[in-house]
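Q: Given only the sequences and the hints, what does the whole structure look like? Please build it.
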Amino acid sequence: MAPEKKGNRWNRIPISFMDSDKEDSPEAAGEESTRSSEAEDEQQWVSDMSPGDGAAEFGEEEFELDDAQVSAQSDASTPGAASSSGGPEVAELVATRAELKRLESEVKDLKDSLARRQADFENYRKRMERERSETYNRVVADIAAKLLPVLDNLKRALDTEASVEASESDEFRHFLSGVDLIYKQLNGVLDALGVKPVLAEGEQFDPHLHEAVVTEPTDDYEPDTVIQEIVRGFRLGDKLIRPALVKVAVKK
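Going by the numbering used here, 769 is the number at position 79 of the sequence shown; the sequence numbering is gapless.
Hints are computed from structural coordinates only; laboratory data are not their basis. Everything numeric in this text was worked out from a predicted model, so none of it was measured. Where a beta carbon is used, it is the ideal one built from N, C-alpha and C, also for glycine. Treat the hints with care, as some may be off.
Distance windows between CB atoms, simulated [unchecked claim]:
1. Lys-941 with Asp-896: 37 to 43 angstroms
2. Ser-823 with Arg-846: 49 to 55 angstroms
3. Arg-863 with Glu-819: 47 to 53 angstroms
4. Ala-805 with Arg-828: 32 to 38 angstroms
5. Arg-863 with Lys-816: 50 to 56 angstroms
6. Glu-861 with Asp-896: 18 to 24 angstroms
Once the Cα atoms are required to be at most 30 angstroms apart in a straight line, the calculated DSS-like pairs of lysine-lysine come out as [stated by the list, open to error]:
7. Lys-929 with Lys-886
8. Lys-937 with Lys-836
9. Lys-791 with Lys-801
10. Lys-929 with Lys-845
11. Lys-942 with Lys-929
12. Lys-816 with Lys-874
13. Lys-929 with Lys-836
14. Lys-816 with Lys-941
15. Lys-937 with Lys-874
16. Lys-886 with Lys-836
17. Lys-798 with Lys-816
18. Lys-816 with Lys-937
19. Lys-886 with Lys-937
20. Lys-874 with Lys-836
21. Lys-801 with Lys-845
22. Lys-874 with Lys-801
23. Lys-845 with Lys-886
A: What follows is the structure in structure tokens.
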């Protein structure tokens, strides 16, 4: 209500322009007295108003309105503010997913590396086994090749037993028995090393296993049949140490 009173009084302030020749007239003096009285009333009304009444109320309303507007504008400018409380959880979830993806990629790389290492180890193991087998066969073949001539001589000594006359001494027969024992023992050693004799007599001639040193025309055997083994051949697995020297039947 005070602003309305203030406005009414201000609206009733008379403004008049007087000529200089009328300043000393009684009417002018009365009007001047009236204006002075109204001005004093206005001043009294202004002084009666406390500094915190109307002006303070208007200021607080303006400040409150400004704060509300600022808050509304802030809310409007940040549409995700209502859900800002879930921000850390979302960030943690995103970080966890990124870490999981990184770990999955690392596991995949490790599995691939492990598979390659296993394949390399398997190839290495097979290569070592093959090389060891080849080395073993080569060493055994070399030893057997050096022993075979000794074995051949023992065999020839035993073949002479059939031509020994009955009048020969018992000592000589005992000697032949000792030779036969050595021959069998040496064959047993070669057999334990994997050295096997090549089948020859009665078999079909095989140029990869047999070497024909004599041919004999005959109708008793099929052509290209081994009819006699002259020198025994030996093999170690698939490796031929020495071919068998044989006599082969041919068509008459």
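Q: Work down the list of hints and note, for each, if the structure agrees.
A: Hint check results:
1. Under the hint 37 to 43 angstroms, the C-beta atoms of Lys-941 and Asp-896, about 18 angstroms apart, miss the expected range.
2. Checked against the hint of 49 to 55 angstroms, the pair Ser-823 and Arg-846 fails, with Cβ atoms roughly 34 angstroms apart.
3. For Arg-863 and Glu-819, the Cβ-Cβ distance of about 49 angstroms falls inside the hinted range of 47 to 53 angstroms, so the restraint holds.
4. Between Ala-805 and Arg-828 the C-beta distance comes to about 34 angstroms, which sits within the given range of 32 to 38 angstroms.
5. The beta-carbon spacing between Arg-863 and Lys-816, approximately 54 angstroms, falls within the hinted interval of 50 to 56 angstroms.
6. As the Cβ distance of Glu-861 to Asp-896 is approximately 44 angstroms, the hint placing it in 18 to 24 angstroms is violated.
7. Restraint check for Lys-929 and Lys-886: satisfied, since their Cα atoms lie roughly 11 angstroms apart, inside the 30 angstroms limit.
8. For the proposed pair Lys-937 and Lys-836, the alpha carbon gap of about 24 angstroms is at most 30 angstroms, so the pair holds.
9. Taking the CA atoms of Lys-791 and Lys-801, the gap is near 15 angstroms; set against the 30 angstroms cutoff, the hint holds.
10. A distance of roughly 23 angstroms separates the Cα atoms of Lys-929 and Lys-845; the hinted pair therefore holds under the 30 angstroms criterion.
11. Restraint check for Lys-942 and Lys-929: the C-alpha separation of about 35 angstroms exceeds 30 angstroms, so the hint is violated.
12. Between Lys-816 and Lys-874 the alpha-carbon distance is near 36 angstroms, which puts this suggested pair outside the 30 angstroms criterion.
13. Taking the CA atoms of Lys-929 and Lys-836, the gap is about 16 angstroms. The hint holds against a cut of 30 angstroms.
14. Our distance criterion of 30 angstroms between C-alpha atoms is broken by Lys-816 and Lys-941, whose separation comes to about 49 angstroms.
15. Distance restraint check for Lys-937 and Lys-874: the Cα-Cα separation of roughly 25 angstroms lies within the 30 angstroms cut-off, and the hinted pair is therefore satisfied.
16. This hinted pair checks out: Lys-886 and Lys-836 have alpha carbons roughly 15 angstroms apart, not beyond 30 angstroms.
17. For the suggested pair Lys-798 and Lys-816, the alpha carbons sit about 27 angstroms apart, so the restraint of at most 30 angstroms is met.
18. Under the criterion of a C-alpha separation no larger than 30 angstroms, the hint pairing Lys-816 with Lys-937 is inconsistent with the structure, at around 42 angstroms.
19. Distance restraint check for Lys-886 and Lys-937: the Cα-Cα separation of roughly 20 angstroms lies within the 30 angstroms cut-off, and the hinted pair is therefore satisfied.
20. Distance check on the hinted pair: Lys-874 and Lys-836 sit about 17 angstroms apart at the alpha-carbon level, within 30 angstroms; holds.
21. Among the hinted pairs, Lys-801 with Lys-845 is inconsistent with the structure: their alpha-carbon atoms are about 63 angstroms apart, more than 30 angstroms.
22. Among the hinted pairs, Lys-874 with Lys-801 is inconsistent with the structure: their alpha-carbon atoms are about 57 angstroms apart, more than 30 angstroms.
23. Between Lys-845 and Lys-886 the CA atoms are separated by roughly 16 angstroms; this keeps the pair inside 30 angstroms, and the hint holds.
When each numbered hint is compared with the structure, violations occur for hints 1, 2, 6, 11, 12, 14, 18, 21, 22.
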